[in-house]
Amino acid sequence: MNLLQFVIQNRTEVLELTAEHLWLVGASILLAVLIGIPLGILITRWPVLNKPVLGGANIIQTIPSLALFGFLLPAPWIGARADRLAILALTLYALLPLIRNTYTGIKGVDRAVVEAGRGMGMTDRQLLWQVELPLALGVIIAGVRVAAVISIGLATIAAAIGAGGLGEYIFRGLAMVNNQVILAGAIPAAVLAILADVSLGWLEKRLRPH
Amino acid sequence: MMTDSPNNRPAIQFRDVSYRLESGYELLRNLNLAVQRGETLVLLGRSGSGKTTTLKLINRLLVQSQGEIQVDGRSLVEWDAIRLRRMIGYVIQEVGLFPHFNVARNIGVVPQIEGWPADRIQNRVQELLHLVGLEPQLASRYPRDLSGGQRQRVGVARALAADPSFLLMDEPFGALDPITRAELQREFLALQQRLGKTVVFVTHDLREALLLGTRIALMESGQLLVMHTPDEFLRSTNPLVVAYVDAFDTNLNTGSRRGPS
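One line per chain: the protein sequences are A and B, in this order. The first sequence: position 99 = 99 (this note's numbering), numbered continuously. The second sequence: position 147 = 147 (this note's numbering), numbered continuously.
Everything labelled a hint here was simulated from the structure, so no lab data went into it. Each hint should be verified, as a subset may be incorrect.
[Claimed, not checked] Below, in silico cross-link-like pairs of lysine to any residue (SDA-like), each with a Cα-Cα straight-line distance of 20 Å or less:
hint, chain 1, residue 1, chain 2, residue 2
1, A, LYS205, B, TYR142
2, A, LYS107, B, LEU61
3, B, LYS56, B, ALA190
4, B, LYS56, B, ASN32
5, B, LYS56, A, GLU115
6, A, LYS107, B, HIS100
7, A, LYS205, B, PRO99
[Unchecked claim] Only some residues are given here: those of chain B computed to face chain A with a beta carbon under 8 Å:
hint, residue
8, LEU33
9, ASN59
10, LEU61
11, GLY73
12, VAL77
13, TRP79
14, ARG86
15, ILE92
16, GLU94
17, PRO111
18, PHE248
Even for Gly, the Cβ is constructed at its ideal location relative to N, Cα and C.
This is chain B alone, in the form it adopts within the complex (with noise of 0.2 Å):
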């Protein structure tokens, strides 16, 4: 039986969206998705392919030339833009952190800007440390003095201050070293289960796709090729799916030839 309760319809939807620019140049073509409340999406594909536009979208950082988004069955249009960026977490490669807010003020912006008493933010700053994996002493140091895995630590737990249902995650880890990435990816996947957010995840990277996604969405030149879950993107014989596939095996390979270094 088919009943339209909150739960059974998409959490994000694309209905037919295309995305120009003012020269008219098109970024994004006729994109239909549908993202399932608690599921990780990743948006797979290379520079240039529409992943980040795809994703500033539903925050409303950028807005469709043509077609629906609806977040929680509601059109974004009806939604007003900022309650609507403050019940969803980004998360950018960039970090982004604020340069002259110490650690704890970092993390607790989007608290603070909705106005929550000092002690609540104070409390729930403490939390997140420990959610992320950081020291509590942390919450004093500024941007500049921590390492790079420990900013994007902060960067996560500032997305997910104000319990947001909504995670948009841009490269997240992209500017990270291997270890410090390998060892982020998986505390990810651990808070991912035990906190389920709906979760649109953008990366390049094939590996991390098929870790992380529990769907994976093949983009190129603004437009949605596949979307699979990992044991079905690794076993298409979609030709396009293929050589992305094949492109990444190729990297591997010759990053093991080059042995040890």
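With the rest of the complex left out, here is chain A (with noise of 0.2 Å):
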């Protein structure tokens, strides 16, 4: 039996699969939006903060995945269930990229720029708003791309646990020998990072500053 013929034959089942995925990497990465950009606003305004707060991310980062997971398992309510696991797991991997790019992006704004801003009687609010996070966004966008094409494929990992996605096919092949189920987790992950590349390519592209 080919490839094909596999994947015609459990359609419902590839989707179904292929929907946990993105489930389980949509969720993280809106996750870690919403707490690694407002971080990587705070570091640069606390410069304090900067190297605990980038350091920790970086620690998180170099953790196997697996023993991540491993980790959080005792974690009350998170630990209920595979999926909230796997979430926490992916949102804490993917906060180093946002952190990072965020901090670099309102960094990397021309200081002339700020400095005209502040000058004029832009408050704190305003020039983050107007100036800021506007010049900074292609760098942020950036960074969302680096950390969903990281999450798309360490979310196979996620099935170790049972927390499902394509990882399941790809553990389910390794423990048959099968390669050709290994390949139906496999490529769809794969067309999935480059989709989701390609797109947060684009739109970096487009919102990058004139």
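Using the supplied hints, reconstruct the complex from the two chains, each of which is provided in its own coordinate frame.
As structure tokens, then:
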């Protein structure tokens, strides 16, 4: 039985697992954006927090993913359901590119532009919303893009703790020593990653300031 | 008879102002300075003499370590920094136009954050484009599409937008080619004659100082050396003034000896 036949025969399952995969990735990227961007802004305002925040996010990144899933298992409420656990772990991994890009994006805004804004009497909030964030948006989206591509790959491992997603096929195929089944998970995951990369890359270019 | 009416008080006054970095390094030492209403005071000096620091203390981009600064007879500590900055126009050498705003939005920034109605902002922008000698069609262009001279004109228009009584200008024409610079200097003089703002103008260019200043304050190593009218400045026998003038003459002469290029 070749790959195409397998996918066609199991199309409902393939679609279900793809949807599950997208749910894991989408929810975690959304959470990472909601946490990471404010944190990135925060460390441009309070430089003392810079090292601990970026350092912390860096350390999380170095923890092997399987181990991180394991560490989070005993957590209350989170540990009760596999998808919650996977989303939390993926969120943690996505934090670093988001915090770092928000920070470098804002810091990279032309110093003269920021000084002009401040000198003209913009409040810190006006400076942030009207000048710094719009000008940093391209760099921030680049961070979302990196995070999304990493998450789509990492989310396949979430199947190891029973969170579902396209990793199901990969682990099942490994157990069955069946390449076709492995590819039925790996190829859709790769396609998702490419789609995310291309669409966010397009968005990044569109939002780059004039 | 001495009165204390607002018109007799200096518009900007520095009393024994020092500014130190956290490292303890002193950028400005015991500065005493009074800027009269409607005059153009030029802060002249080489890089690192404290001119820009002095300027940034006026709109509170920096805060002095010692001494008192008054604007309109009120100590700066009594001012709300945001309010203060909105009544002081600020022009810098790098212009600092917002690259994601078109010319009209750049010029209208202060009116916009001050909450003016849109049609009033639009009228004001057209008025200002005319004032600084720019075509009305430029309003919809972005800064990257402008020449250096046009950008600096937009910078000046932006600083004038909310009709501030004060203008702080930090080497505004320093990055322009000599011909454009001369053109903008002439226009600035004409504009200043009409508007009568209180201007503090930073430059290291003696010729610019002599041309634009009603008075010239020569600074060196964070201290004010002398404060003169342009005529007095040229006639001064103070060795430091003479040295500055001479250094400039030498530059001019070597320039002309090279002949046309």
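Structure-based check of all given hints:
no., hint, result
1, A:LYS205 x B:TYR142, "18 Å, holds"
2, A:LYS107 x B:LEU61, "18 Å, holds"
3, B:LYS56 x B:ALA190, "26 Å, violated"
4, B:LYS56 x B:ASN32, "15 Å, holds"
5, B:LYS56 x A:GLU115, "10 Å, holds"
6, A:LYS107 x B:HIS100, "17 Å, holds"
7, A:LYS205 x B:PRO99, "16 Å, holds"
8, LEU33, "20 Å, violated"
9, ASN59, "6 Å, holds"
10, LEU61, "6 Å, holds"
11, GLY73, "20 Å, violated"
12, VAL77, "17 Å, violated"
13, TRP79, "11 Å, violated"
14, ARG86, "4 Å, holds"
15, ILE92, "6 Å, holds"
16, GLU94, "4 Å, holds"
17, PRO111, "11 Å, violated"
18, PHE248, "27 Å, violated"
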